[in-house]
Structures are given as structure tokens and as C-alpha cells.
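Starting from the known structure of chain A, arrange chain B on it as the hints suggest.
Number of protein chains: 2
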Amino acid sequence: MADLQLMRELRQESNRKIVLLVLDGLGGLPVESGGPTELEAARSPNLDRLASEGTLGRTIPIRRGITPGSGPAHLALFGYDPLQFDVGRGVLEASGIGITVAKGDVASRGNFCTLDSEGRIIDRRAGRIPSEQALPLVERMSEIQIPGVEVEARHVREYRLAVVMRGEGLEPDIEDTDPQQTGVLPFPARARTPGSQQTAGFFNQWIAEARVRLADQPKANGLTLRGFSTDPDLPQFPDIYGLRAACVAVYPMYRGVSRLVGMQVKDFPGDQPEDEFHVAASIWDEFDFFFIHIKKTDSKGEDGDFAGKAAIIEAVDRALPTLLDLNPDVMCVTGDHSTPARMRIHSWHPVPTLLWAPDTVLPDDQTTFGDRACAQGGLGTFLAADLMPLLMAHAGRLAKYGA
Amino acid sequence: MADLQLMRELRQESNRKIVLLVLDGLGGLPVESGGPTELEAARSPNLDRLASEGTLGRTIPIRRGITPGSGPAHLALFGYDPLQFDVGRGVLEASGIGITVAKGDVASRGNFCTLDSEGRIIDRRAGRIPSEQALPLVERMSEIQIPGVEVEARHVREYRLAVVMRGEGLEPDIEDTDPQQTGVLPFPARARTPGSQQTAGFFNQWIAEARVRLADQPKANGLTLRGFSTDPDLPQFPDIYGLRAACVAVYPMYRGVSRLVGMQVKDFPGDQPEDEFHVAASIWDEFDFFFIHIKKTDSKGEDGDFAGKAAIIEAVDRALPTLLDLNPDVMCVTGDHSTPARMRIHSWHPVPTLLWAPDTVLPDDQTTFGDRACAQGGLGTFLAADLMPLLMAHAGRLAKYGA
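Residue numbers (our numbering), protein chains in the order written: chain A, 66 to 468; chain B, 66 to 468.
Everything labelled a hint here was simulated from the structure, so no lab data went into it.
Please note that a few of the clues may not be correct.
Just so you know, same-sequence chains aren't split out, so a pair can sit in one copy or run between any two.
[To be verified] Listed next, the in silico DSSO-like pairs over lysine-lysine satisfying Cα-Cα at most 30 Å (straight line):
{"hint": "1", "residue 1": "K331", "residue 2": "K168"}
{"hint": "2", "residue 1": "K168", "residue 2": "K465"}
{"hint": "3", "residue 1": "K331", "residue 2": "K360"}
{"hint": "4", "residue 1": "K284", "residue 2": "K168"}
{"hint": "5", "residue 1": "K284", "residue 2": "K331"}
{"hint": "6", "residue 1": "K465", "residue 2": "K360"}
{"hint": "7", "residue 1": "K465", "residue 2": "K284"}
{"hint": "8", "residue 1": "K360", "residue 2": "K284"}
Note that the coordinates shown come from a computational prediction; the quantities given were computed from them, not determined experimentally.
Looking at chain A on its own, in the form it has when it is part of the complex (with noise of 0.2 Å):
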């Protein structure tokens, strides 16, 4: 806290705006001995030229080695240190879709999964089922009621769902049903202290009803809950820094972690990089900072695409003029963490970091947007949560600390 406390000091106003640019798993490493990274095997001119005329670095997620999860590297981003700040996946993904977590409420991530006669799991994500299959099935879960208790579920995209209770004395200290692995039943909810017991039994009676539900469905015959969590009660962005604050964002977990700490975040058509772009651009005279996300260049990394996530990053590459001729003061372009397309998952690895700032910038020698360029870079490899204050004072948006 007390870093966010310092910010919260020396905030002062300015009329400049701040763009960051978060491209999901951005960080990679080579296939081949001696090649290049998906960033380095990117053609991306946009970003060069913003390399050679800014300043490059890394960020380190978490700590040193720690490979992170979404919501905790994206905490980071924000500048909370997401060791102290712990915010479950459960109300993650109900903000992402607009439920309202309130303090004493229990959210939990729910996916949908195959389960065979004797009720094992063969696909944990009952063969990843689209949006228009799943719908209608959390219509069926919503009609669940559970004496002694609210329960609203709705549907999230594809095979997933939030399933979030509301009542008296809930407590959310409740282990994952998902086993993590096929070919075993699902767990129970099973609480971690006493205080959840009775919350875990709600949920075990909710999955039992579910169940009877869903028993006609050849995929989607089961469904697993985890990341069972409360509203984590977090300062919020806009009094911390002072800025009216967007986030633009097409996947509902960023959508949530911006919405928990009090951006606004934007509703609109479209999911390419272009069309974020004019989003950023319709209300840019009503923001101060615009946190714009790229899901895909994770997405190919976890499928292995090496390929596939260079060419988003040229797809941004070259819808960049679009956020560029709004003229941001400072702009910042990195990752929330790496997901090395050889790796196929996220990993550690300290996450490229552009910083463009035309007015305040110190520029160092590089001049391309890779991973090696930013390993050698001007602003050297430091902890993600301390870029929010890099950006807030290359805006002119931190006052002096001390006479």
C-alpha cells in the first residue's frame, strides 16, 4: 500500500494522456537455436520507429521467476503488488461480464465438462462448445434455487459460466471442483475453514441440481466450479492516480480486473486491434488513460502458433497509426506476462516494455521493438508495478517528492 499511497500524494493535474497498450503474452523466445522471437520476427515498423525514438525495458509480472496468472500480472500492470493485492478468478470473470461481486458475496468460475457414465471427466471442456450451445444451458442452471441463499448464474463466453451466491454468513475459502486432469470425478466443494463449510454445501447442492440439468447433453453433461472469491475490496485506479480512466477490451477477464479497479470499460462492436483502436479514439477528449487490450497474441502462444502470434503483432503494428495520430503523450506497449509459443504457456520471462514519450522520454540506443533489444534497453528490467509510476511521471502527472 504504501507505494499506492505515495502516488496518491504526489498526483497532480495535467491535460496529458496516456496510452497503455497491453498485447497478452507478449514475451517469447526462440524456436530455434539462434532464431528469433515471435516479437523479433514481427515486421513491425510502427513499433520501431516508437522503439527508436522512446526508451525500451522489461517488466518482471510478479517477483523474479514467477510465472503469473492473468489477473494478478494485470494487477501488476495497474501498479498494485499483486503479492499483497490477491483477487480470485471467481469475481474476475463475474466483473468481466458485468455481475456485481459485493463484499459477502461468493463468485466462482464455472466451465462446462464431458462426463462419462461414471461421471469421470473425459473433456474439460466438453469439446469447447460454442457461446450459442452453452446459452441455453446456463438458462436451465439460472432456474436453480437453493433454499437459503441467491444464486445468479449466467453465461460467459464459450464453455464457461459465472456462478455467483448471495446470502447471509457466506464465506468463500472453498477448494476448485476441477481436478485439473481427465479421467476422475469432479471434487466436491470442499471449504478450507469451518466458516465455509455451509457456503461449499450451498454450491455442492447447486452442482447436484446442475447436474439433473444437464443430464440430456452429450458434451456438456457436467461442469466444474473454481476460483471461488469475494469482492477483494481494492483502491480503485482513478482516486490513486487521478485519471479518468478507460479500459477497451474484448475478453471478460480484463474487462473485470479493469472494472475492479474502477475503470470504466467500454462496451463495442468488433475484436481486432483496429477496431480497439477507434474505440480509444471515440472517447479520447473524455479519458485520461486508455489501458487497451490484445488477447490473441496470447492465444497463439498457448497454441503453440509461433507464426500465428507474429502476425497479430503485425496486425497491431499496423493499425498503431490509428491510436498514433490521436497524438498520446506518453504511450506504452508491453505485455502482461510472456507465453514463448514453444512453451505453449505462460512462463516468467521478463515482458518487452516500449515507453514513448516524445516530450519527457530519455531515449536509449535501441532501435527495434524485440525481446533481446528490450533485455538491453534504456529502462532496464524492473517490477511491472512499478511502470504505472514511470508513466504517471513522463506525463507530468507526479508533483515533487520532498523540498
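Structure of chain B alone, referenced to chain A:
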């Protein structure tokens, strides 16, 4: 403790093996303007190949500018913040020769010294008498009886011994009796707290008895004690990281600190790098983590022997294929601190660090293992206590933090 707790929470099973090869006092300085450091001067083609395939960086043992002793420097390499975990030299020395120091015991490290006819120290190390001369003298010491306390005196190496007291109400807050200079009397053991008064008294009685038994000696006619300390009750390395950990080291102190953190300390004949690497080979299947310690780089540095220190690095390099033939998954070559031959003493300079992990490392542009190459390396300059999380990550032994 927070970071060790994080390791406990995130560690996961893997069959990947980690080698931590520590060349004591590795970091150096040029002896002439424009010249190379010891590591840069050494011809080391194997290390250079690892540097070229892996990534470089530098570790700061304690904090910037702080010169470490060997005990805290090694704790840092094992992931323990040495400012948080304080281990006395007495305990390190005693543990190194296999003496168990339990909670409430008080251990100290002793040096034989030469006193003049008035009891002033004229040689703080008794002419560095060899082990065969010191051993029978320590046997005489071991006959000393002090009423009210049990005493164990054991020879360590050359002019050094360990003295451990066991009994009720002992406390270790006692000043060293070694005045760290010649021409003066040794200090008595002086308690820093009222609770340690009685223990200091026991040690003073013991020193007086020892002086009587050494009176006939031409060189070793006195002794000093320092590093009074008790069991620091350290969290155990295998529990923290989930690693079956072996220590391969010749010198007692390094074996001692390894034993204190719960590593299995191996006995073996010989004291050359090749001998140590063969030990690692002989126990390869039984362990996940191998701490291998090379002492002589530090000894040569303390002797001011630049060429000698470089020659030890070359000897390690020549023996390295024995280790590499085992196909470690993660290999780190570093030092516990710097010992520039030019300074003849430990120093605060960040320590050259090489990380090689063919499957998971992001290679940097460096092609040789040297002090300056490491300063430009892709890992940057970081606290030594952050090294273990990096090694764990590169071995696939840490799960994701948060969803």
C-alpha cells in the same frame, strides 16, 4: 519469509535436474588499467560455450555495496535473504565438521594464535600450523572439563577448531575474543546481554584452561574464539523447493551451511574440480539439485594471485565435460561473492552469473563468460536470493501464480 513461502506454494514436481556450481570469490577486477579480470583472462572454452547458448547476469549477494562473508553469501544463493536469516560463524564451522548444534547450544569458531611473553598476539593464526600439528593440541583441549556445562572441542582444518557448549540456560550474545589485530591481548569473552553472562563466564574458564594446556607450544600457545551462536532453525531447503538436494564441497564451512539448510552433504576423496564432478555423477540419479562448491578461486584471490585464480577457473573449465555429460537441465555457474586478487579480500562487486537451460532460457547476445559480459547480460543485475526462483522456473518446477 514471504518469498520462501511463495516457493513452497508454487513448487511442483518435475524430473529436471539443477546444478548450482559455485566458484567461491569468482568476481574480480583488472590489475592494470584496460586489462582483463581473472575470469576474463582465464581460457575457458566450455564456459564460453555455455555463455553463448545461455544467458548472463550478475548477482548482488546481500545489497548493493555490501561485502558478504561466506555464510550469508551462500544463504543468499540458496534463496534465503541473509539480512533476515542470521547464521553465526560458530554454528557454520561446527556444522561443517558434522557437530550438531541444537537450539540452546552455543558454538564458536576458534583460531590457534601465537602470544608473546606478555600474552599479546603476535600471529593471529599461529603461523598457519598444519592440521597434523593442530590435531593433538585440540585433543588436549577436548579433555577440559567445565562444571555446569558440557563442552565439545573439535579440530576443523589447519589452525582452526570449533568449540561447542551444551547445558541449561546458555545464550550466545557474546563478543568475539579475537581483536582482529596483533600487538594486543585477546579480549575476554564479553556478554552483550545479561542472559549471556553465565555463558561468557564458561567460555572464559575454558580459554584459561586451554592456555594452561598450550603453554609449552612454540607457535600455538594461545587461542581466540569468535562467532558465538546457536542453531538458527532455518527453514529447510528440500521442504521449500521440493528438491532432493546434495552438497558437494571440500571445505567445512560450505558443508556446514548446506547441512544447516537440510542438504545431504557428501563425503568423497580428493579435492580437485574433477573429483567433485565425479561425485555428482555418482549420485546423479538420487538427487534433483546439486550444489557444487569450488573453494580455491577465493583462496587465490585472497593470496593476491591473479594468475593462480585464473588457473583455477581454467581447471574447472577443463573438468566441466564430466558435469555436462550428465545432461543437467538447468546449470548455473556463479560465485558467492567477488574476491579480486587485486584487493586480496572479499568485495561487494556483483558476481558474474551464467544460466544455461537449453529448453527454457532466452539466450542473450553474450558469447563469453566474463565480468563485463555479465554486466551486459540478459538477466541483468539482481539479488542473489532471487537466483533460486529463476533456477526453479527454468526447471519447470514452479506452478503459475494466480489464475
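Tested hints:
Only within a single protomer do K331 and K168 lie at most 30 Å apart by alpha-carbon distance; the minimum there is 24 Å, versus 55 Å between protomers. With identical chains, the CA atoms of K168 and K465 are at most 30 Å apart between copies only, with a shortest distance of 27 Å across copies and 37 Å within one. In this homomeric assembly, K331 and K360 come within 30 Å of each other (Cα to Cα) only inside a single copy, at 16 Å, whereas the closest approach across copies is 50 Å. Taking the closest pair of Cα atoms, K284 and K168 never come within 30 Å of each other, the shortest separation being 35 Å inside a single copy and 60 Å across copies.
With identical chains, the CA atoms of K284 and K331 are never at most 30 Å apart, being 34 Å at best within one copy and 56 Å at best between copies. Taking the closest pair of Cα atoms, K465 and K360 come within 30 Å of each other only across two copies (19 Å); inside a single copy the shortest separation is 37 Å, beyond that limit. Taking identical chains as interchangeable, the C-alpha atoms of K465 and K284 lie at most 30 Å apart only when they sit on different chains, with a minimum of 29 Å there against 60 Å within one chain. Taking the shortest Cα distances, K360 and K284 sit within 30 Å of each other inside one copy (27 Å), while across copies they are farther apart (63 Å).
Hint check: violations occur at hints 4 and 5; the rest are consistent with the structure.
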